Amino acid sequence: MSGKHGHSHKPFEGHMHDFEAHIKAVEEDLEYYRAKRFEPRIIYLLRRGMVTFYDLLKIRAALKKKDHFFKVKKLRGKNIEARVRFLEEWLDEYVKGIALVSARTVEGLDMVTEDNRKERGDYDDFFKIKKKEHHGTLEERMVNVEQDLRDYQELLEVFVHALIKRGWASRTELEQRWKQLHEERPWAGGVIVAKAWTDPEFKQALLSTGREALREMGVHQGKVGKLVVVENTDKMHNVIVCTLCSCYPYDILGDTPWWYKHESYRTKIVQNPRACLREMFHLEVPASKEVQVYDSTSDVRYFVLPQRPAGCEGMSVDELAKLVTIDSLIGAGYALEPERQKVAEKSGALPEAPRIRPD
Amino acid sequence: MQPSGKYKIGDAVMVATENPAGNPRTPKYIRGKRGVIGIVHGVLENIRDHRGVHGPLYTVRFDLSELSTCSDPDSIWVDVHEEWLSTVKSDS
Chain A
1 MSGKHGHSHK PFEGHMHDFE AHIKAVEEDL EYYRAKRFEP RIIYLLRRGM
51 VTFYDLLKIR AALKKKDHFF KVKKLRGKNI EARVRFLEEW LDEYVKGIAL
101 VSARTVEGLD MVTEDNRKER GDYDDFFKIK KKEHHGTLEE RMVNVEQDLR
151 DYQELLEVFV HALIKRGWAS RTELEQRWKQ LHEERPWAGG VIVAKAWTDP
201 EFKQALLSTG REALREMGVH QGKVGKLVVV ENTDKMHNVI VCTLCSCYPY
251 DILGDTPWWY KHESYRTKIV QNPRACLREM FHLEVPASKE VQVYDSTSDV
301 RYFVLPQRPA GCEGMSVDEL AKLVTIDSLI GAGYALEPER QKVAEKSGAL
351 PEAPRIRPD
Chain B
1 MQPSGKYKIG DAVMVATENP AGNPRTPKYI RGKRGVIGIV HGVLENIRDH
51 RGVHGPLYTV RFDLSELSTC SDPDSIWVDV HEEWLSTVKS DS
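From first to last, the protein sequence lines are chains A and B. All residue numbers for the first sequence refer to our numbering, where the first residue is 1 and numbers rise by one. All residue numbers for the second sequence refer to our numbering, where the first residue is 1 and numbers rise by one.
Derived from the structure by calculation, the hints contain no laboratory data. This one's a predicted model, so the numbers in the text were calculated from it and none came from an experiment. Check each hint, because a few of them may be wrong.
Derived lysine to aspartate or glutamate pairs resembling EDC-like cross-links, with alpha carbons at most 16 Å apart [said to hold, decoys possible]: (1) B:28 to A:125; (2) B:28 to A:124; (3) A:96 to A:157; (4) A:268 to B:72.
Hey, can you work out the whole structure from these sequences and the hints?
Take a look at the structure:
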């Protein structure tokens, strides 16, 4: 990891060979999904007697390998890069597994986000599930993450079977949803922004009506809250945050990078936005621009419409979409200039589609 | 969505310091602070998120210096429900 502040994050100039940064991201995400997205769900159902500890124990004892829902992939290659990729892919599968047992799939659970937020400690630290801290050499940390993934995945496996056994979901339904979760589609963020850069009428509609404007272009509109898109200009640099948890239009854009959910970002960005952008993202906002930070505390979800970079005249919408980074939609970066995009693509530092966020 | 609500864009408002009956998602760092109505959303229904329907929602613009010791001329925009807000007279 680079930078003296401990959470520096520069994915597009970093290389795959910055293994520390990759492992840090896996560690942070893994604990986030476990402690905020998965375990609170089990506890929610335990409290209400919808699944019990004894269901879990009995299922664990009786579970045969051939009945496993999740198949763990095999490690291909022993070098460090292969091992890092392996852990990242495994984490992806774990997160999809949590999405599989989310309220959206298992409707009978009738979970309401508001209750869940209260019970998982979004408003009161007392209720928070403690996240693990990670220490040691890179090698030790990789071994630890692998063991954690094995443990966490096992509980998830048992939990899925408990839902089936208690009649909250059928195996067929879950298998169907599992397939859907693995369908690949282009990242909506790039598609939306590239269209806004090239189609002024669409841009106007996007800024004034939010989700409505997405319907016509065939992008999944999502359902979570009202969408407000804030436009960056020569005079204005917008940034988004959720200081209470991690609200974000994830139903349209996929999940955020780990630092968006991290307390350091959520605290600093509203205390001293310019210093936060400089220290965490090496982003220096010129004094000629006002910084506006949007805190999604309620039923509105925001994303930033970044400025179109210089040097991309005459590029097609598909090419433009590649310049749009996840960070630029949060305001933690700018859209990439074409030259930088090419360099990043060559070095393998370009991001893959963001993860789905289980709700 | 209903357009109704007590405040309009540009109105000066203050956030209550405490409001046990109000929406819990009003962060501590804006309580007791002054801002200006920036966006009027009206009443939003969000049944996946909460069982009840809260009062009209506003995005309130705060000067950064009102909320923090940082004196940069920047701003923080926060979503606040009407029951947390009161009017501030412009000369006070």
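- Item | In rising order, the numbers of the hints this structure does not comply with | none
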